[in-house]
Amino acid sequence: MSLSRRSFVQTLGVGATGLWITSRGREGSLFAQANQPLAGGPPSIILSSNENPLGTHKDVLAAIRGAAFPEAGRYPGAIFVEVMDLLAKKHGVKPENILLGSGSTQILRTATHVFTSKTAGLVAAIPAYEECADYARLMGHPITGVKLNPTDLKMDLDALQQASKGAGLVFFCNPNNPVATAITGSDTKTYLNMLMKQSANTTVLADEAYFEYGTMPGYETMIPIAVQNPRVVVARTFSKCFGMAGIRIGYAIGHKDTIAKMGDWDSVGDISVMALQGAKAALAVPDSWVKEEQKRNAAARSFTQKWFADRGYQPTDSQSNFMFINIKRPARDFREACLKEGVLVGRDFPPYEKTHVRISVGTMEEMQKAVQVFEHALAQPAKAAA
Amino acid sequence: MSLTRRRLFQRLAAPDLSAHAAMIAARGREAGLIEYGEQGMAAGAAPVRIDSNENPLGPGQHVLDAIVGKFPEAHRYPFNATQHEGVLIKAVADKFQAKPENVLLGPGSGEILTHAVRAFTAGTRPLVTAWPSFEMPRVTAKKLGAPVKEVGFDAKLKIDVAKMAESAKGAGLVFFCNPNNPTATVHGKSAVADMVKAIRTSSPDTVILIDEAYHDYVTDPSYQSAVDIALSTPNVFVTRTFSKAYGMAGLRAGYAIGQADTIKQIQKFKMPYGLGTLTLGAALVGLGNDEHIQQERKRNTDVRAFTVKAFADMGITGTDTQTNFLFMDIKRPAAGFRDACRAAGVFVGRDFPPFEKQYARISIGTMAEMQKAVEVFKKVLGTTPTTSSKERR
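Here the protein sequences come in this chain order: A and B.
Taking this note's numbering, the leading residue of the first sequence gets 1, the next gets one more, and so forth.
Taking this note's numbering, the leading residue of the second sequence gets 1001, the next gets one more, and so forth.
Chain A on its own, in the form it takes in the complex (with noise of 0.2 Å):
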């Protein structure tokens, strides 16, 4: 690695908070702000926290009111068992290979909890989805970020490999929230083989949770790699593709040795059955709808990209379901302009606030809509990016 490269790793102290931000529940206090009376009333186009714009999936609905409500005043049982049967048949694990959390935030915290400790830290992209990060701070486990690829946002698979080196867990987030780059599996494998060699005691966590929103040509699930090896688990929720943020279920997939580590840390009692039933339902939706879906997601993904590249405002090559754009200014004048005409996008994400902006993909329609309040936004001068 050349000394340039070795420069782009960066080892914060526990207190070096400022590159990473607080978890999405930043999001909230924007929303929060979005809720203060404005002229138009709230946001009517929410394009901040990378949901579904369809709404939750309509099998999903009718198993919470027909198979959750009967069951509502129970302690969740047998569906545990019967979520964990499917999920295993899904991807053609066993039941022991999977671990059910509240969201995969849970599963996030438990690997970090579970994996890091004062001496082997948490190394991790800047920036990275924060859930680990926020969770190793918290428990004073040392943090270790790592720039990513400044010509195209990827992960600098070089840099990661060296600061890996030593750390108690990687997180892995591919596609990598906030900046929406991939990296194919072909390249993820290189990194996990030469990590497993010269680093005995790491595990790798590859946040998977928007696998369903990839469409590059090589992209591809680290699950078969993860029943295999002990020290690779792979986080999947339903919280995107299905349209199930508000209803918290996520999981695990890995070694059993792994997946038995960390469920003995913390308890699935965080997890509702209408998750349970609702996941089950999402089991059962065909694999011909969820291509529908990313090809819904990148229809009006590409539209949108489209548009702002068109202007000279470059957006990275998304494989997600948000997009992360050049906007050549700071990303919070671009989102209270926005906000003014009820249109919410993405909070700050450091080190790239002053230039770049994330927003997620909406319907079609919501797009068409956006971009016009995207237009006034971007006609007004961008102020210095002090």
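These aren't lab readings, by the way, just hints derived from the structure by calculation.
The beta-carbon is built from N, C-alpha and C at its ideal position, and this holds for glycine as well.
Take the hints with a grain of salt, since some may be wrong.
List of simulated lysine-lysine pairs, BS3-like, C-alpha gap at most 25 Å [stated by the list, open to error]:
no.: 1; chain 1: B; residue 1: Lys-1095; chain 2: B; residue 2: Lys-1331
no.: 2; chain 1: A; residue 1: Lys-354; chain 2: A; residue 2: Lys-89
no.: 3; chain 1: B; residue 1: Lys-1095; chain 2: A; residue 2: Lys-118
no.: 4; chain 1: B; residue 1: Lys-1331; chain 2: B; residue 2: Lys-1156
no.: 5; chain 1: A; residue 1: Lys-261; chain 2: B; residue 2: Lys-1268
no.: 6; chain 1: B; residue 1: Lys-1142; chain 2: A; residue 2: Lys-118
no.: 7; chain 1: A; residue 1: Lys-383; chain 2: A; residue 2: Lys-354
no.: 8; chain 1: A; residue 1: Lys-261; chain 2: A; residue 2: Lys-189
no.: 9; chain 1: A; residue 1: Lys-256; chain 2: B; residue 2: Lys-1143
no.: 10; chain 1: A; residue 1: Lys-256; chain 2: B; residue 2: Lys-1095
Pair by pair, the computed Cβ-Cβ distance ranges are [unchecked claim]:
no.: 11; chain 1: A; residue 1: Lys-306; chain 2: B; residue 2: Gly-1145; range: 54 to 62 Å
no.: 12; chain 1: A; residue 1: Pro-230; chain 2: B; residue 2: Asp-1160; range: 45 to 53 Å
no.: 13; chain 1: A; residue 1: Gly-92; chain 2: B; residue 2: Thr-1124; range: 43 to 51 Å
no.: 14; chain 1: A; residue 1: Lys-340; chain 2: B; residue 2: Thr-1201; range: 53 to 61 Å
Given the coordinates of chain A, assemble chain B onto it according to the supplied hints.
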């Protein structure tokens, strides 16, 4: 049953819950899950599930309607929903004339208990708990390697509060479940106040957690909630749940209330977005309907009295129950009783050592369920006591 299923249930049934606690799905459910899984549903009639201290009626229609009303926002993270956590926090605070900073939400009070143990105990700061009591704090302390000091009971199976105060010296956290699960007994307001005072004097850094999960079912006039003590005393907080009288065990909502400094320390461990958008909507509507809770208390009191009397007629007595379950001196091992009841389609509570050779915990179902259950109890208890037909699972 597949090997995997067996393993899952074994995890739940492991005698030392600390070893395999991952699948403990909140309060009480563990018992039912084991049996549900092993037996499946009894052929024909649905089993009478009186093993997990649930409200047999579930949530009221007003709560279910509220959930349906939230369906259009089910795809939104809770912080993006029109009724976000802040709205429920405010509603809870208002109920107790407190401020939002006095309130912490959790997906069930179980998570709050777990986080309190994480926040306040350590290798040198023990957990003090009655034993048996609700097991989650103890399970968590054992996982963390924090010592656990167990406190026993008086002759009426009320928690030995004097012993509890004494054991609290130097402890990180005192877990005081009032009424206590599984013994069903309660301490009155002055006993609680005296214990808190004693601990505050002898060990002011010790945090006291008063778990009032069964608050709404208490009928003993000497009892009063300790919320006012929590709000006026440092290092004391109360937990409540929507899982019992509110009938929402499957929906996962609970809360803690105490002074802001105390709440803040637990809050650090809170998992983001633990309460879903639908659950928030349900809890808000549930909280706002006090009349429904009054009715549920009356229903439980009536069915409880019927069941207690039916046992008395059989010559069987229990503790002075102040909850939605009974702790009955069946004069024989719980396991044999449980197996025999299960064979007749009635699921009762698991073993609670050291009382498992003599006492059974029986939750209160509907009147129709308890009438059916009583007939089964009569048959089972009318026979000569035997030891369990099976090895302890």
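So, going through the hints one by one against the coordinates:
Using a Cα cut-off of 25 Å, the hinted pair Lys-1095(B) and Lys-1331(B) is violated, with the two alpha carbons roughly 43 Å apart. A C-alpha spacing of about 45 Å is found between Lys-354(A) and Lys-89(A), which places the hinted pair above 25 Å, so the restraint is violated. Only pairs whose Cα atoms come within 25 Å are accepted, and Lys-1095(B) paired with Lys-118(A) is rejected, the gap being roughly 42 Å. Restraint check: the Cα-Cα separation between Lys-1331(B) and Lys-1156(B) comes to about 16 Å, which is no more than 25 Å; the hinted pair holds.
A threshold of 25 Å between alpha carbons decides the hint, and for Lys-261(A) with Lys-1268(B) the separation of about 23 Å falls inside it, so the pair holds. For the hint pairing Lys-1142(B) with Lys-118(A), the CA-to-CA distance comes to about 20 Å; that is within 25 Å, so the pair holds. For the hint pairing Lys-383(A) with Lys-354(A), the CA-to-CA distance comes to about 10 Å; that is within 25 Å, so the pair holds. Distance hint between Lys-261(A) and Lys-189(A) is fulfilled; the C-alpha atoms sit about 24 Å from each other, no more than 25 Å.
Using a Cα cut-off of 25 Å, the hinted pair Lys-256(A) and Lys-1143(B) holds, with the two alpha carbons roughly 20 Å apart. The hinted pair formed by Lys-256(A) and Lys-1095(B) fails the criterion: a straight-line CA distance of about 46 Å is larger than 25 Å. Look at Lys-306(A) against Gly-1145(B): about 57 Å separates their beta carbons, and that is inside 54 to 62 Å. The hinted range of 45 to 53 Å is satisfied by Pro-230(A) and Asp-1160(B), whose Cβ atoms lie roughly 46 Å apart.
Checked against the hint of 43 to 51 Å, the C-beta distance between Gly-92(A) and Thr-1124(B) comes to roughly 47 Å, which is consistent with it. Checked against the hint of 53 to 61 Å, the C-beta distance between Lys-340(A) and Thr-1201(B) comes to roughly 58 Å, which is consistent with it.
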